[in-house]
Structure formats: C-alpha cells, structure tokens
Amino acid sequence: MAQPLVKKDDDRDEEEYSPFLGIEKGAVLQEARVFNDPQIDPRRCSQVITKLLYLLNQGEVFTKVEATEVFFSVTKLFQSKDIGLRRMVYVIIKELSPSADEVIIVTSSLMKDMTSKTDMYRANAIRVLCRITDGTLLTQIERYLKQAIVDKNPVVASAALVSGIHLLQTTPEIVKRWSNEVQEAVQSRAALVQFHALALLHQIRQNDRLAVNKLVSSLSRGSVRSPLAQCLLIRYTSQVIRESANNTQTGDRPFYDFLEGCLRHKAEMVIFEAARAITELNGVTSRELTPAITVLQLFLSSSKPVLRFAAVRTLNKVAMTHPMAVTNCNIDMESLISDQNRSIATLAITTLLKTGNESSVDRLMKQITNFMSDIADEFKIVVVEAIRSLCLKFPLKHRSLMNFLSNILREEGGFEYKKAIVDSIVILIRDIPEAKESGLLHLCEFIEDCEFTYLSTQILHFLGIEGPKTSDPSKYIRYIYNRVHLENATVRAGAVSTLVKFGAMIDELKPRIFVLLRRCLFDNDDEVRDRATLYLKTLGGDGAVVQTGEDVKEFLFGSLDIPLVNLENSLKNYEPSEESFDINYVPKEVKTQPLAETKAPGKKPTGLGAPPAGPPSTVDAYEKLLSSIPEFANFGKLFKVLPFDFSMLFHTYNTLEIFLILKFINALFPIFIGQSSAPVELTEAETEYAVNVVKHIFDGHVVFQYNCTNTIPEQLLENVTVIVDASEAEEFAEVASKPLRSLPYDSPGQTFVAFEKPEGVPAVGKFSNMLRFIVKEVDPSTGEAEDDGVEDEYQLEDLEVVAADYMLKVGVSNFRTAWESMVADCERVDEYGLGPRDSLAEAVNAVINLLGMQPCEGTEVVPSNSRSHTCLLSGVYIGNVKVLVRLQFGIDGPKDVAMKLAVRSEDEAVSDAIHEIVASG
Amino acid sequence: MSGIFSSRDSCPEVKNILILDSEGKRVAVKYYSDEWPTNSARLAFEKSLFAKTLKSNARTEAEITMFDSNIVIYKSVQDLHFFITGGDDENELILANVLQGLFDATALLLRNTIDKREALENLDIIFLCIDELVDQGTILETDANILAGKVAIQNMDVSAPLSEQTISQALATAREHLTKSLLK
Numbered sequence: 006m007a008q009p010l011v012k013k014d015d016d017r018d019e020e021e022y023s024p025f026l027g028i029e030k031g032a033v034l035q036e037a038r039v040f041n042d043p044q045i046d047p048r049r050c051s052q053v054i055t056k057l058l059y060l061l062n063q064g065e066v067f068t069k070v071e072a073t074e075v076f077f078s079v080t081k082l083f084q085s086k087d088i089g090l091r092r093m094v095y096v097i098i099k100e101l102s103p104s105a106d107e108v109i110i111v112t113s114s115l116m117k118d119m120t121s122k123t124d125m126y127r128a129n130a131i132r133v134l135c136r137i138t139d140g141t142l143l144t145q146i147e148r149y150l151k152q153a154i155v156d157k158n159p160v161v162a163s164a165a166l167v168s169g170i171h172l173l174q175t176t177p178e179i180v181k182r183w184s185n186e187v188q189e190a191v192q193s194r195a196a197l198v199q200f201h202a203l204a205l206l207h208q209i210r211q212n213d214r215l216a217v218n219k220l221v222s223s224l225s226r227g228s229v230r231s232p233l234a235q236c237l238l239i240r241y242t243s244q245v246i247r248e249s250a251n252n253t254q255t256g257d258r259p260f261y262d263f264l265e266g267c268l269r270h271k272a273e274m275v276i277f278e279a280a281r282a283i284t285e286l287n288g289v290t291s292r293e294l295t296p297a298i299t300v301l302q303l304f305l306s307s308s309k310p311v312l313r314f315a316a317v318r319t320l321n322k323v324a325m326t327h328p329m330a331v332t333n334c335n336i337d338m339e340s341l342i343s344d345q346n347r348s349i350a351t352l353a354i355t356t357l358l359k360t361g362n363e364s365s366v367d368r369l370m371k372q373i374t375n376f377m378s379d380i381a382d383e384f385k386i387v388v389v390e391a392i393r394s395l396c397l398k399f400p401l402k403h404r405s406l407m408n409f410l411s412n413i414l415r416e417e418g419g420f421e422y423k424k425a426i427v428d429s430i431v432i433l434i435r436d437i438p439e440a441k442e443s444g445l446l447h448l449c450e451f452i453e454d455c456e457f458t459y460l461s462t463q464i465l466h467f468l469g470i471e472g473p474k475t476s477d478p479s480k481y482i483r484y485i486y487n488r489v490h491l492e493n494a495t496v497r498a499g500a501v502s503t504l505v506k507f508g509a510m511i512d513e514l515k516p517r518i519f520v521l522l523r524r525c526l527f528d529n530d531d532e533v534r535d536r537a538t539l540y541l542k543t544l545g546g547d548g549a550v551v552q553t554g555e556d557v558k559e560f561l562f563g564s565l566d567i568p569l570v571n572l573e574n575s576l577k578n579y580e581p582s583e584e585s586f587d588i589n590y591v592p593k594e595v596k597t598q599p600l601a602e603t604k605a606p607g608k609k610p611t612g613l614g615a616p617p618a619g620p621p622s623t624v625d626a627y628e629k630l631l632s633s634i635p636e637f638a639n640f641g642k643l644f645k646v647l648p649f650d651f652s653m654l655f656h657t658y659n660t661l662e663i664f665l666i667l668k669f670i671n672a673l674f675p676i677f678i679g680q681s682s683a684p685v686e687l688t689e690a691e692t693e694y695a696v697n698v699v700k701h702i703f704d705g706h707v708v709f710q711y712n713c714t715n716t717i718p719e720q721l722l723e724n725v726t727v728i729v730d731a732s733e734a735e736e737f738a739e740v741a742s743k744p745l746r747s748l749p750y751d752s753p754g755q756t757f758v759a760f761e762k763p764e765g766v767p768a769v770g771k772f773s774n775m776l777r778f779i780v781k782e783v784d785p786s787t788g789e790a791e792d793d794g795v796e797d798e799y800q801l802e803d804l805e806v807v808a809a810d811y812m813l814k815v816g817v818s819n820f821r822t823a824w825e826s827m828v829a830d831c832e833r834v835d836e837y838g839l840g841p842r843d844s845l846a847e848a849v850n851a852v853i854n855l856l857g858m859q860p861c862e863g864t865e866v867v868p869s870n871s872r873s874h875t876c877l878l879s880g881v882y883i884g885n886v887k888v889l890v891r892l893q894f895g896i897d898g899p900k901d902v903a904m905k906l907a908v909r910s911e912d913e914a915v916s917d918a919i920h921e922i923v924a925s926g
Numbered sequence: 090m091s092g093i094f095s096s097r098d099s100c101p102e103v104k105n106i107l108i109l110d111s112e113g114k115r116v117a118v119k120y121y122s123d124e125w126p127t128n129s130a131r132l133a134f135e136k137s138l139f140a141k142t143l144k145s146n147a148r149t150e151a152e153i154t155m156f157d158s159n160i161v162i163y164k165s166v167q168d169l170h171f172f173i174t175g176g177d178d179e180n181e182l183i184l185a186n187v188l189q190g191l192f193d194a195t196a197l198l199l200r201n202t203i204d205k206r207e208a209l210e211n212l213d214i215i216f217l218c219i220d221e222l223v224d225q226g227t228i229l230e231t232d233a234n235i236l237a238g239k240v241a242i243q244n245m246d247v248s249a250p251l252s253e254q255t256i257s258q259a260l261a262t263a264r265e266h267l268t269k270s271l272l273k
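Residue numbers (the numbering used here), protein chains in the order written: chain H, 6 to 926; chain G, 90 to 273.
Misleading hints may appear alongside valid ones.
Mimicking BS3-like on lysine-lysine, the simulated pairs with C-alpha atoms at most 30 Å apart in a straight line are [stated by the list, open to error]:
1) G:Lys114 / H:Lys322
2) H:Lys309 / G:Lys114
3) G:Lys144 / H:Lys542
Covered stretches of chain G, going by a simulated chain H footprint (3 or more residues, C-beta under 8 Å) [what the hints assert, rightly or not]:
4) 148 to 162
5) 215 to 223
Hint data in this document are derived by calculation from the structure and do not stem from the laboratory.
All C-beta atoms in this analysis are idealised placements derived from N, C-alpha and C, irrespective of residue type, glycine included.
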C-alpha cells in the first residue's frame with residue numbers, strides 16, 4: 006500500500022489536516038529531479054508523481070517548459086522494475102498529454118511493455134500509447150493491437166477495444182481493418198470484453214444498415230452475458246426497429262419479442278433500458294406498452310432513489326403521449342409526492358396532473374397542498390404550470406383548482422413564482438368564463454397585500470378590462486380605490502386608470518368614479534394627478550369637454566401602436582410652438598438605425614482629433630424640419646397616389662434628406678409602399694471603407710441605400726458613388742443615382758441608386774457593386790484636405806434582391822382565428838421534399854428565412870428530438886396582400902425532410918407565388 | 090448514426106467523476122467531456138452542484154438529480170461526496186452502477202475507513218481506481234472487486250520477500266490472490 010506522503014499528523018481532530026497542506030508547484034517540480042537519480046527510489050518517485058497529479062487535479066497549470074521537463078524525467082522511470090511505480094508513470098504520462106515530438110521518447114518503452122509477459126503492463130501500455138499516439142505510429146503497432154483484442158486476458162482485450170473506440174474518431178480507416186478480431190471478441194466469455202467489442206463493432210458498422218441488422222438478429226438470440234452489453238444490444242435493436250418501421254405497417258413489430266424478453270432480465274439496468282426502449286417505439290400500441298409500464302411501476306416502489314427517478318421520469322414522458330397507459334401507476338405515483346428526493350416528487354406530481362381524471366382532481370389537490378410548502382420555487386412553478394393545463398382540460402374543476410392557485414398565491418414566494426400563478430389565473434379567467442368572477446376576486450385580494458409593483462399594475466390593468474364586463478362591477482371599485490390610498494405612485498397611477506375604465510363602461514358608476522377621481526386631484530404625485538385630471542376631462546366629469554363614447558373608449562382601451570421609445574424621442578424633440586404635437590408623425594418602426602453623428606452640410610470636414618462640431622444631432626433637426634414642411638406631412642398620400650419619381654427626388658434633395666425621406670416612408674407607410682431591409686454588409690470588417698446596404702422596396706422601384714464609412718483618418722473621399730452592374734437582374738433598370746458629395750473620416754454618409762422594376766411584381770436579381778470616389782489626402786495636424794484628388798475604385802460584395810424582400814414581417818395575435826377568417830378559396834396546398842437535412846430545426850429555419858415571414862405563436866422553435874413539427878407564419882406580400890402559411894414538417898430515418906405547405910392569402914396569385922418561392926428555393 | 094438519436098444509439102458515456110470534501114473542495118476529479126473546458130468552468134460546476142445536493146441525504150442509497158441538463162448521481166460517506174455525471178438521455182442505472190463500482194472499490198482499498206484524510210493519504214490509489222474505472226468517458230470496469238484487484242496488484246512490491254512485507258503489503262498480497270481467483 007502507498008505510504009503517507011508526508012509525516013503523519015497524529016492529531017486526527019484537526020480539520021485542516023491534509024498531506025498536501027502547503028504544497029507548492031515550484032517545490033514539487035524541484036522534487037521531481039529525483040526521477041533523474043541513477044538509483045531510482047520507487048516509493049519516493051511514486052510519492053512525487055502523486056503530488057504532481059494532485060497539483061494537476063487541483064487545476065494547477067504547468068507551463069510548456071515545466072511539462073516537458075517533467076515528462077522527460079518521468080520517461081527515465083521506465084528503467085525501474087517496480088510495478089507500482091510503472092503504474093503511476095502510465096497515469097502521469099496520460100495527464101501530461103505530451104506533444105508529438107515528445108511522444109517518440111516513450112514509444113519504444115511503451116511498445117516493449119505492450120509485448121511484455123505481464124498482463125497489466127500490456128493493458129496499460131496499450132491504453133497510454135493509443136491515447137498519446139498519432140496515426141503514423143498506429144500502423145507500426147496495429148499488429149500488436151489486433152493480437153491484444155483477442156488476448157486471453159480480458160483486461161488486455163478490453164484495453165485494446167476501448168482504445169479502438171477512441172481511435173475510431175481520429176483514424177477510422179485503420180480501426181475498421183480490425184473487424185474480424187472485434188467480431189471474435191464479441192463472443193468472449195468475459196463480460197466487459199463483450200461489452201467493449203459490441204460497442205466497437207457497432208461503431209465500425211453503423212453506416213451499414215444491413216450489417217447492424219445482422220448483428221442484432223444474431224446476438225438477440227441470447228449469447229450476450231454482460232448487462233452493459235445487453236443494454237447496448239437493446240439500443241441497437243431500437244435503432245433497427247426505428248429504421249425498418251416504415252415497411253412493416255401491419256403485423257407484429259420485428260424484435261419486439263426480444264425487447265419484451267429483456268424486461269425479465271435479472272439486471273435492473275437491462276430491464277429499465279428495455280422498458281424505456283419500448284415506451285419510445287414509434288407509434289407504440291397500448292398492448293406493446295403494458296409490460297413495460299408494469300416493470301416501471303414496480304420500480305416506483307423501489308428503495309433506491311435512482312430507480313424511482315428513472316421510472317417516474319420515463320412514465321412522465323409516456324404520460325405526454327399515452328396518459329391512459331400510465332393511469333394504472335397513479336396510486337404508486339401518489340405516494341411519491343412525499344418522496345424525500347424533490348426531483349422525484351415533482352416528476353410524480355406533473356405526471357399525475359397529466360394522467361389524472363376529473364374525479365381524482367380534488368384528492369390530488371389536497372396532496373399537493375401539503376407538498377407545496379417544502380419545495381423550491383423552481384419546482385413550484387412547474388407544478389403551477391401543470392395545474393393550469395389541468396384546469397384547461399377539466400374546466401368543470403375550475404373551482405378547486407382556482408382555489409388552490411389563490412391559496413398558494415397568498416403564501417410566501419418569489420417574484421417568478423407569483424408571476425406564474427398570476428399568469429395562470431389570468432389565462433383561466435380568459436378561457437373559462439365561469440371562472441372569471443372568482444378569479445378576479447382572488448386577484449383583488451392578492452393586490453391588497455402584494456409586494457411586487459409590477460404584478461399590482463398588471464392586475465389593475467387586467468381588472469380594468471375584465472371588471473366592467475362582470476355582473477356586479479361595483480364590488481371591485483373598493484379594492485381598486487384602496488390601492489389609491491395605500492400604494493406607491495406607480496400603483497396609484499395604475500389604479501386611477503383602472504377606475505376610469507369602470508366609469509367609461511358603466512354609466513351608473515360614473516358619479517361614484519368622479520367623486521373618487523376628484524379626490525385623486527390632491528395626490529402628491531404628478532403622474533397620478535395628471536391622469537386624474539385628464540380622465541375627468543375626457544369623461545366629462547367637470548362638464549367642460551364632452552366627447553362621444555366611442556372616442557373615449559378607443560382612447561382608454563385602444564392599444565398604442567407606436568413604440569414607446571419613438572414617442573419619447575419625438576416628445577423630447579418637440580419644442581413648444583404654435584403647432585401642437587401630433588402623435589401621427591411619430592415613427593412606427595421598431596428598429597432605429599444607428600446613425601452616427603452627421604455633420605451639418607456645408608461645414609468643413611473635420612479631420613483627426615478635431616472636436617465634434619455642429620448641433621448635437623443634425624438628424625433630429627432634419628426630422629423636425631421635414632415634419633414641419635406641409636408636403637412632407639402628407640407623405641403617405643403623396644407617394645401612394647403619385648408614381649415615385651426618383652430622378653426628381655435625387656435631383657432636388659441632398660443625400661441626407663433622401664435618407665430621411667426614405668426613412669419616413671418606411672416608418673409611416675410600410676405596408677402601402679414597401680419596406681426596407683435590415684442592413685447587409687458589403688465589406689469585410691476592419692477594411693478601409695465600410696459599406697452596408699439597405700434595400701428599400703417599392704411597388705415599382707427598388708432603392709439601394711449604401712451606408713458608407715471612411716475609416717482612414719488621412720483621407721477625405723468626395724463624389725462617392727456606387728456603380729451597380731445589374732446584368733444579372735434583367736427586370737431592373739437603373740433610373741437614378743445620388744452621389745455623396747463628401748465622406749470625411751469616421752462620419753457615415755449615404756449614397757443612393759434607384760431601379761425601376763415591373764409594378765407589383767416580386768422581381769429578383771443579383772447586383773454587383775463598385776465603390777467609386779475621389780480620394781484626397783488630409784493633413785492630420787490641421788485636418789485640412791489637399792486640393793487635388795485622385796479617382797479610385799473599391800470592389801464591394803454582390804447584393805441580391807430575393808423574393809423574401811417583398812414580404813413584410815407582420816405577425817398576427819391569434820393565428821387560428823386569422824386562418825379561419827381567410828377564405829379557403831385562395832388556399833394552396835402542396836408537398837415538398839427538402840432532401841436530407843442536419844435536423845428538423847435547421848429545415849424549419851431555412852424555410853422561414855426563405856419566405857421572410859413572421860413566425861407566430863413561438864412555432865419557430867422546434868423541440869429537440871421531435872420527428873414532426875408545425876410552424877405558423879404570417880406576413881404581408883407586395884401589393885398589401887395578407888398571407889398566412891402553415892408548414893408541416895416531418896423527418897424520417899435518414900434525415901430526409903418532407904414539408905406540407907398550406908398558404909392562405911387574399912389573392913390566389915399570391916398563394917401561388919409563395920409556392921413558387923419554395924419550389925425554386 | 091449521428092444527429093438527433095446519437096445519444097440513444099451509442100455507448101454509455103460518463104462526463105465526469107468527482108470526489109469532493111465536506112466543503113465542496115476537490116479531493117479528486119476527472120473530466121471526460123469538453124462541456125467544461127476551463128478549470129473555472131469546472132470549479133463553478135462543482136460549486137453549484139455541491140450547493141444543490143448538500144441538503145439531501147445520500148448516505149444509505151445513492152441519490153440522483155437533474156443538473157444543467159445532465160443527470161448527476163451521488164453518494165456520500167463521512168466527509169466525502171462521490172458524484173458521477175452523464176448526459177440527459179443516459180440510462181440512470183448504468184451511471185449508478187459505475188458510481189457504485191468506484192465507491193465499493195474505494196471502500197475495499199481503504200479498508201472501509203473512507204474519509205477525506207484516508208483518501209488524501211492514499212490519493213495514488215484513488216487516481217488509479219478512477220483510471221481503471223473509466224477511460225476517456227467509456228466505462229472500463231465497474232466490478233468493485235476486479236477494480237480493487239487491478240489497483241492493488243500494482244501497489245505491491247512483488248520482489249520483496251514475505252518476511253519483509255509490512256502488514257498492509259501482506260493484505261495486498263492476500264487481496265491479489267482473491268482477485269486472481271475472481272479473474273479466472
């Protein structure tokens with residue numbers, strides 16, 4: 006046995022005792038010199054190696070030099086005949102993972118050990134050598150490895166086989182030559198040899214379906230002894246079943262009997278592997294499931310947590326697809342609710358919630374109530390979500406489930422947990438009309454004592470929408486008005502807004518609401534007072550302004566379709582003047598294009614180190630200017646009615662103005678006119694000139710907006726244009742271009758090129774681009790440019806207009822309703838083979854990108870391992886045609902993806918066009 | 090077949106083996122997966138895993154939990170905590186079997202006094218034991234007796250005459266005989 010590494014400390018009670026206390030890398034490396042002694046002391050050397058291993062294990066890093074030095078001295082230890090020391094040498098060599106040129110030093114020693122008479126030397130030398138060697142050396146030792154695979158000593162055989170498994174990743178062509186020996190080893194009497202041989206043989210033949218099939222049929226007749234090998238065989242069998250599933254629609258499934266037989270194996274791991282394999286069979290029948298469920302049920306009452314966990318986890322998965330099959334286990338499952346292991350308990354509960362029938366709900370709720378108090382929030386959220394789906398499944402049980410939710414809502418819990426409960430109650434109120442009144446009251450009670458401002462305001466908002474529609478709205482007023490007394494300013498303001506919604510909807514309540522609102526006029530918070538004043542005016546509380554009910558309702562209940570950021574910016578830019586602020590001119594686009602500060606036109610270009618000059622933001626100034634010009638105020642109408650004359654536009658305005666005009670059109674009238682793409686980079690990062698392009702798509706035109714940045718401080722570019730070659734875009738004809746007069750260092754500017762294209766047609770094409778400009782040297786010290794310039798060109802990358810550019814990403818909130826409201830006349834359905842794909846998710850993404858549409862209801866996410874998927878897309882196609890798409894994907898064994906594409910739109914020609922995009926894409 | 094079914098069609102794999110002390114500090118660890126490429130990633134994993142499993146009692150039977158989409162099975166004795174990590178899809182019982190193998194072999198080799206002090210004093214044995222248990226993630230041997238035998242053989246100086254052997258060496262010799270009979 007190994008000796009203590011340092012002098013033993015007799016005081017066993019001392020907590021910090023460790024033989025490695027105060028160990029230091031430098032000192033240990035010093036100690037390692039003992040390896041070089043002519044007279045090797047095996048015990049001492051073993052101790053030093055252990056210390057080195059300890060350091061590496063603690064995460065200490067050896068420098069290249071240190072590692073090399075240690076490695077070289079370790080190789081000297083092969084002279085010693087001490088078995089224990091040699092064993093440690095093997096381990097440390099693997100840990101040091103020497104480089105290829107260092108490996109040569111030990112190769113001969115290891116090869117000698119590989120042919121040694123001592124089994125342990127042979128086994129370990131094989132593992133070490135295969136670990137550190139590269140392909141070239143492998144051919145030299147291949148002969149020995151083949152012998153080792155069929156060595157009568159199982160340890161040696163296993164060592165060679167396991168090394169083969171690893172080597173197959175790097176040098177498959179060599180390992181594949183060993184299949185005869187591996188085949189022989191599969192028949193070995195030693196359990197682990199059989200396991201390793203089977204694993205290697207399968208990996209060698211995994212692409213040969215027939216060979217795997219043969220392997221499985223011969224071995225499933227019962228020559229496998231090792232439980233681990235049996236587990237492998239079950240996995241390979243499921244694979245064969247899966248791949249042959251298509252051609253045996255009728256009759257018994259091949260190999261099912263083998264899997265079923267494995268359920269009676271003596272090793273638990275084999276029983277479980279087989280049960281799990283059966284539950285995962287494609288289209289498994291309840292008859293096939295029954296024996297597997299039976300053994301899993303037995304595991305549920307095992308004394309071993311691992312067994313219970315494995316069983317309940319598998320049953321939980323089965324419950325998703327075959328809830329009826331799992332109901333037999335419900336009693337055992339219920340006892341697991343109180344399991345010490347909370348993972349098991351949570352899995353049991355969520356399974357029960359999936360399999361539970363209507364009559365068991367009440368009993369289940371009682372058990373869960375006891376359980377909830379002693380699990381962590383993360384588990385509680387899982388339970389809350391399961392209860393929500395249960396309630397949607399059994400709406401008649403809403404009373405007890407709602408009560409449960411309100412009870413747990415009152416208990417202690419973090420924000421995420423409380424939010425999950427509130428969300429669930431809100432969903433139940435929306436989907437189950439009978440649950441509305443009690444649900445709203447539960448929420449009212451909750452905000453009486455709610456520490457989360459966010460939840461309070463959300464609930465108040467929800468109350469404002471749902472409360473007035475109930476049979477007795479007046480009972481909520483008290484709860485809401487209490488908030489005005491007792492809460493912080495944010496919640497108070499929210500409560501005021503909610504109150505006024507009751508007043509707007511129910512005339513009888515108006516007088517009461519007015520009284521309450523007038524009290525809020527004395528609130529010490531501006532926002533609360535402002536809201537109260539505003540609402541009193543809109544509702545006519547002071548008799549000054551009287552508006553029609555519809556307007557008020559639209560104002561109170563309509564949603565703001567303008568991004569708040571944009572509104573905020575516009576408000577900041579608004580200066581008090583004769584004209585009042587008009588919300589209609591606030592841009593509606595969500596993305597704000599990052600536009601660096603642009604210098605005011607006419608100003609001298611600033612060079613290196615010059616302080617930024619000009620007004621803080623010229624762009625903002627221009628935006629204000631544009632919106633104040635009457636013609637621009639009617640932009641939409643103008644452009645919608647008149648054909649767009651880009652030659653005129655480019656002639657009249659400067660680049661910055663054109664940029665802003667395009668931006669405005671895009672923001673205000675995206676659907677009527679066209680849309681703008683996200684910027685596409687036309688240069689590599691870190692090049693002299695950075696150029697990206699935005700494609701503005703119009704009914705009969707396409708405008709390319711090239712955003713250029715000059716990254717060379719010593720240069721000033723003038724007269725910058727992009728020469729576009731549209732020879733590969735036949736339907737497009739250039740009508741105008743707008744050069745950028747000057748492009749100083751680090752100050753982005755735009756140049757434009759406009760093309761005409763057939764009206765309303767989604768024309769596609771490829772454009773090649775060349776940046777042309779006059780370059781002038783800039784004196785870095787003064788920032789002044791020289792007078793003379795040189796004409797130069799810079800090749801940009803190609804740019805394409807694709808079908809997806811004509812599709813506007815517009816989501817719908819409820820796809821099903823939208824789908825059904827579209828006439829089925831214009832529906833077009835077809836099926837497509839997408840060929841072999843890496844995964845289903847990859848195929849789904851490819852189609853979404855191809856169509857450029859907005860995925861709805863989160864259907865762009867493909868759950869891992871799913872074999873089929875449905876994805877819902879919506880968008881608006883050129884000509885303002887709404888399009889909805891339903892994609893159904895399926896993947897079969899060799900990863901061939903098939904897709905069913907159903908398109909509904911307002912125009913059958915567009916439905917056909919979508920199919921064409923997919924067919925040609 | 091690679092791709093979505095890979096884990097189910099392939100050989101069981103161990104992602105790491107950890108032996109930590111009562112404060113979650115390393116006694117011996119071995120990572121086979123590149124899921125934790127740096128030492129700090131590994132330390133972070135050990136720390137949060139230890140915190141998560143600290144409260145449960147895994148002294149009589151091995152316990153199990155899901156952790157970062159991995160299955161972790163663990164067992165504790167005295168001031169030592171043994172962990173084994175495998176993929177989400179792994180057969181839990183196979184992993185438990187590997188952990189039990191390591192645990193029992195350690196008990197045999199440390200003469201049933203498994204604690205941190207003993208483990209550190211015989212760290213070479215622990216390292217050898219892990220080395221014989223799993224090779225680059227592939228299960229090499231899980232039978233505790235065979236494992237202990239393989240490790241014990243190598244820690245005995247065969248050339249020393251019987252009279253000069255210490256008691257522990259004599260024990261090791263005895264163990265070797267036991268192992269040889271088991272290996273046959």
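Results of checking the hints against the structure:
Of the pairs offered as hints, the one joining G:Lys114 and H:Lys322 is violated, with about 36 Å between alpha carbons and a cut-off of 30 Å exceeded. Proposed proximity of H:Lys309 and G:Lys114 is supported: the alpha carbons are some 27 Å apart, at most 30 Å. Proximity of G:Lys144 to H:Lys542 is assessed by CA-CA distance (about 61 Å); at most 30 Å being required, the pair is judged violated. Interface restraint, the region 148 to 162 of chain G with chain H: holds (7 residues with C-beta to C-beta distance below 8 Å; minimum three).
Coverage of the region 215 to 223 of chain G by chain H holds. Counting CB-CB distances below 8 Å, 3 residues qualify, and the rule asks for three or more.
In summary, the numbered hints that this structure violates are 1, 3.
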